[in-house]
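Work out the full structure, taking the sequences as your base and the hints as a guide.
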Amino acid sequence: MRQLFALGGALALLLALAWRAAPTPLRVSSSYFPWEPVGPVNLGHNLIAGVRVGNVLYVGSAFGGLFRSTDNGRSWEVVRGFSLNQNGEGKYRCPAVTALATDGTRLYVGTGAIVQYNPSGISLSAVATTAPGLIGAFGRPGMGVFVSSDGGSTFSNQNPTWNLTYPALSYANDYTTTGILNVVDIAVNGTKVAVLTPDTLFLSTDGLATLQGVGRIAGGRLLRSVAWGANDALFVTTNDSIYRSTDGGQSFVPLVGLQLPPGVTGSSLGGGHAVVRTAPSDPSKVYLATAKGDGTLMAVWASPDNGDTWARIANSESPSFAVLGGRGVSALALEVDPADPTHLLVGGTTLWEFSPATGWRRINPPNQDPFILRLPALIRDIVFLPNGEWLVVGDGRLVRITQGGTRIEDASKGIQAARILSLAVSPKGDIYASGPSPVLITSRREEDPAGLFRLVPLGTFTVPSPVGQVAVSSIDPDISFFSYQGGRLRTSQDRGLSYVSFYTAPASFSWDTTFIQSISGAVTEDRPNAYGPLYPPFALVEKFGEKVLNRDGARAGTSYLFIATGGGLWTITNPISTNPDTIPHWNRVNGRPAIGVNANVTYANYLNPSNAIPTALAADSAYTVWIGTSNGKLLRVKNAHDITIDRTVQDSVEDVTSALAGLVGGRYISAVAVHPKNPDLLAVAVGSYAGPADRIFLSTNATASTPTFTAISTGLPDVPVYSLFFYPDSSYLLFAGTEWGLWRCMDVRTPTWEEMTGEIVGRVPVTAITWKPYRYQVDTVGGTPDLPQVEGRLLPDPEKPLYIATWGRGIWKLSSRFATSLAGAGSLPRGLTVSVYPNPFQSQLFLEVRLPEGARQLTYRLYTLDGRCVAAETYPQALPPGHHTLQWSVPALPAGMYFLQVEGADGAGRKFATSFKLLHP
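Everything in the sequence shown is counted per this note's numbering, starting at 7 for the first residue and increasing by one.
Watch out, some of these pointers could steer you wrong.
[Stated by the list, open to error] Each computed DSS-like pair below joins lysine-lysine, with the alpha-carbon atoms no more than 27 Å apart:
#1 683 / 198
#2 434 / 683
#3 549 / 644
#4 434 / 923
#5 549 / 434
[To be verified] Just the calculated beta-carbon pair ranges, DEER-fashion:
#6 135 / 799: 27 to 33 Å
#7 887 / 256: 28 to 34 Å
#8 586 / 714: 45 to 51 Å
#9 895 / 419: 33 to 39 Å
#10 392 / 135: 46 to 52 Å
#11 852 / 458: 39 to 45 Å
#12 736 / 887: 38 to 44 Å
#13 784 / 409: 46 to 52 Å
Hints were generated in silico from the structure; no laboratory data involved.
Values in this document were obtained by computation on a predicted structure and should not be read as measured data.
Backbone N, C-alpha and C define an ideal beta-carbon position, used for all residues, glycine too.
Now the structure itself:
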C-alpha cells in the first residue's frame, strides 16, 4: 500500500503527496495572484477608528488597512491605494491604522504601533534594537500620516510625517530626522493639523505640507488624544491630565478645577487613559472622559467655555454604569454629535448616550439580525451617521445602531480584518484558526456559509493570551489540537465543537515514568508542568496509507505529538487512537534547562535574553525534533519518538546554536521548517525587528553532526519573518510569511524572493502557512442499510490550495497551481481593466477589456483545478485603444470549477496577466 507521511502543528501542516501530473507552467506576479478570502467575516475584526468624509465612510484596522463604504456602511471595500506603492515609489506604505480625521474634504490617516496593544511594556524607541519579536507584543511600526484628496484613490507621500525609505523599518523616535512613525491621534481645523505621537505633538498650518511647530508635555507622560477648540485653542491629554494651549501649541498649561468624583482623592484625573473631544458645530464645547489605572471609568466632564470652567456630568463607574468594564486603558471612545453640541456617546465595553434632557442612557438594543449580533467586544470609536444613526467601531463586527438606539444591524459586509496566529486545514475541508480574543479558537466547515466561522466555547477557564498553535489530524479528521497559556494543550474529538483536557501519565515503558504533574504544582489537567510559554509550540506527526478508516471502525496509521512546555520536550504517544487499546500518554523526552520556564510567562519575559522560552518547533520524517527559543537557541533531538531512550546518557538533546550564533545573534526564533521529503533541508527564521537584515537561514546538511547554515534573505525586505513552509511537491520551493506579507523562493539553493500578497491581501504580517493536499472520502463497503460498513480514504485534492493566516486580514487561500507557478508578467498597467461574465457560465464567455494603449496580443485559457489547460484562444489581431467586448465560444466541458487566465502585451509591449475563478454548472 502506498505510504504517506504528515507533519501538522506549529505553523504548518506538511503532507507529502502522491503522484502528480506535471502542470503547464503559468506566469504570475504579486499583483494578480488570485487569492480568495476565507474569513472570518463574522468575528475577530480589530478595527480602531472611523470617520465620515462627505457621503463616504472610512474605517481603519489596527493591522489590516483601510476600508471604505459609499452606501452608509452597508458594504465595504479595501482602499488599496492606501497600503500599496504607487507609480513605482520606492517607499513602503504601512497598513496599520491608528487614527482618522478630515477637514470635510481631505482624509488624514494616522499609522503606527497601536499603543493600546503594547503588552511587552517596552519603549517604542527601543524596539528596533530589541532581539525578541513575538507577534503582537509591540503593535506595529507606523509611517506617519497619509493624506488623500480624491476619496482614497491616491495618498500623498510628500509630507514631513512620512520619511522612511524602503526597506528600512524602525521604531526610532528621533522625529526631527526620520519623520513621524507612530501616530496616536489627529485633529484637523481647516488647514491646521495637529498630529500626536506617544511623546510629541506636531503642528501644521498648511495641511501637512510642512510642520511648523513641535510641542512636548512636561514630565514625558504618554500622550493620548488631541482636539482643536474655539479660537485655535488646542487640548491635549495624557493618561491622567488635560492641557490647553492658546498660543498655537508653543506652550501648554495644565487645566485645573475639574471636580473629582465623590470618594476620589488626589490630583490625577484618571491614571489609565484620557480622551478629549470638542463639538464640531461649536468647538467651545469641550468634553473629557478618563479611565482609572484599573481600566474603569473615572468621570466625564464638560466645559461650555473653551476649557475655562468644567462641570462633571458622569461619576465613576458602578455596577449600574459599567462603561469600561476594566478595559478603559486600551479602549475609551468619546464622540460628540456633529449636529448637536450637547449630545455625546461614550463607549468601552458598553455604549452610553448623554444629553442634558435625558441624562445617561445605555444603548443595548436586542438582536434583530439573522445572525447573532452584538456590539463590538471593545468599542474604540463611534461615527455619527445621517438620520440619527451611529456606526460603532471596535473589536468584532461593525454594527449600525438605528431607530433611536433601539435597533442593531450588521454593518461589516466586505470586511475581513481578524488577527490570526495559527491555522490548520483538515482533509474534510474544516479550517481551524487561533488568535486574540474574540477569535481564540475558531473553526468552519466546508459546508458552512462562506466566511462564517464558529466560535468554540472554551468552558469556564479563561485565556489571558492569544490561543496559540493549532493542528488537525489526517488519520482522523475529526480530531484537532490547540495550545495555550502556560504550556497547556487541549484536543477536540468532534470537529472543533468542544475541547477537553487529555493530559495523562507516561507510558509504562517510558524511560522516565514520573507523573510530573503530581510534583509540579500544576492545578489543571491540561499541562505537565506548572509553567510554560504563552502558547507552547508543538507538531503533530502522522504516517498513514491511503485507507485511514477500516470497515471495522479502526483507524490505520501511527501518530506522535511533540510539544515544548515549561520543563522541556514531551512526546505524546498515540494522540490519534487507532483502536480502544491505544490511548495517549505524555512522556518526558528531556528536562533540559536550556528550554526551561520557571514562572508564569508574560510578553515581557520574552524580552529577557537570559530566558530560553520555546517559540518554534518542527519535526522530520525520522522524528528528529528541532526547537527554537526566544533568545536565539536552536536545539535538536533525534529519535524523539523513542520514549525508551534515557536522554541523560544517549541520543542527548543537542545544542546546535553555535552553527547559527553569528547569524541569529540571540534574536527570537519565530519559525523552523524542515522539508518533509528531505530532512537535510532545514530553514530557520527570526521575528525580531533588530538587525542585521538577514532573517532566514538555510541548512542543506541538517542531519550532519555539525550542520552549517547560510543566510538566504537577499531580496527580502528588512522586516521580521514569522512563518516558513517548504512546499512538499517541490524539492527547493520555500514560502516565508513576513511582516510585509507572503514571499516565495522558487529554489533556496540560488535564493531569489518574490512578493505574493501585495495587492489583494495587502502587506500584512503572515503568521502561518499550510496547505490541503488531500480530500477525505467515505465509501459504504458492506453491512446493512441500518448498520452500514464504511471505509475512509485520503485522495489527492485536485486544487491542493495553499492557505495563509494573517495578523490583520484573516485567512486566505490560493490554488497551488498559482502558488507554484513561474514569475513573469507584470501587473495590469494603470487604466487597463479586464472583466469576465457570466459566472457561472455555460457555452459562452464575454471578456470586457479596457485598453488605454491598445494590445498587441491577447490570449485566454481555461484550466481545471489540477492545472490542465482545457481550452485556449488567442485574439487574431491587435486591439486599438478603447473598450472592447470579446465573445468566446467555449467547448463542452464537465461541470466544475475552472480558472481563466487572461494574458497579453499592451501597446507599449508591457506584458500583463490576470486570473478569474469561474463555475461551470
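Review point. So which of those numbered hints doesn't the model satisfy?
Key: Hints 1, 6, 7 and 11 contradicted; others consistent.
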